[in-house]
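In terms of the working numbering, the sequence shown is residues 591 to 755.
Hints are computed from structural coordinates only; laboratory data are not their basis.
Errors might be hidden in some of the hints.
Said to hold, decoys possible - Derived lysine-lysine pairs resembling DSBU-like cross-links, with alpha carbons at most 30 Å apart:
#1 707 - 658
#2 731 - 667
#3 683 - 746
#4 707 - 717
Stated by the list, open to error - DEER-style ranges, computed between Cβ atoms:
#5 619 - 735: 51 to 59 Å
#6 622 - 717: 48 to 56 Å
#7 682 - 754: 23 to 31 Å
#8 619 - 675: 21 to 29 Å
#9 752 - 663: 18 to 26 Å
#10 682 - 656: 15 to 23 Å
Please read all numbers here as calculations on a predicted model, not as lab measurements.
Glycine included, each C-beta is placed from N, C-alpha and C at the ideal position.
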Amino acid sequence: MYEFLTQVFTNNSILEKLTAPTGLILSLITVVVSYLIFRESTPDEGDIEEPEHPEMLVLSDYTLEQLKAFDGSGPTKLIFIGICGKVYDVSEKTQFYGPEGPYASFAGSDATMSLAKNSTTREYIPKDGDEAPDLSILSDKEREALDGWISFFDKKYQVVGKIVY
591 MYEFLTQVFT NNSILEKLTA PTGLILSLIT VVVSYLIFRE STPDEGDIEE
641 PEHPEMLVLS DYTLEQLKAF DGSGPTKLIF IGICGKVYDV SEKTQFYGPE
691 GPYASFAGSD ATMSLAKNST TREYIPKDGD EAPDLSILSD KEREALDGWI
741 SFFDKKYQVV GKIVY
């Protein structure tokens, strides 16, 4: 590798081509086009709407119907997820829980059974009028998975309330 790089940088023909007017113009065009491509692919700071968090944190009780309002699409852009009765504010991670995120199905919902079963579909998301998830039906492996998720959420996100059924 060293020999190759030494040859490239000591070879006068390559240096002559790069410093020639045509080479300089092509290099400049390449740099400008690259800049424009990469500049367009990153969002401007002004394009991202930050969630509106309340001034003071007040723990609240949420029914499944109330929890639906916190799926990131409302005026506040807040995203809450319920797990085992706790409600977590995951608004800071819209890339995961927002409308385009891989866990969007959990936003504004009780994700307890989905997390236990490692499912990102809405199959295990309770609907209005459903009872609290029955954790006794989980296998040991599913309970272990759920416990891992609870530990993760407890360390990473703020609890903002509890789910009431």
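Here is what the structure says about each hint:
{"no.": "1", "hint": "707 - 658", "verdict": "holds, 21 Å"}
{"no.": "2", "hint": "731 - 667", "verdict": "violated, 34 Å"}
{"no.": "3", "hint": "683 - 746", "verdict": "holds, 11 Å"}
{"no.": "4", "hint": "707 - 717", "verdict": "holds, 17 Å"}
{"no.": "5", "hint": "619 - 735: 51 to 59 Å", "verdict": "holds, 53 Å"}
{"no.": "6", "hint": "622 - 717: 48 to 56 Å", "verdict": "holds, 54 Å"}
{"no.": "7", "hint": "682 - 754: 23 to 31 Å", "verdict": "holds, 25 Å"}
{"no.": "8", "hint": "619 - 675: 21 to 29 Å", "verdict": "violated, 60 Å"}
{"no.": "9", "hint": "752 - 663: 18 to 26 Å", "verdict": "holds, 23 Å"}
{"no.": "10", "hint": "682 - 656: 15 to 23 Å", "verdict": "holds, 21 Å"}
In the structure shown, a violation is registered for the earlier hints numbered 2, 8, in ascending order.
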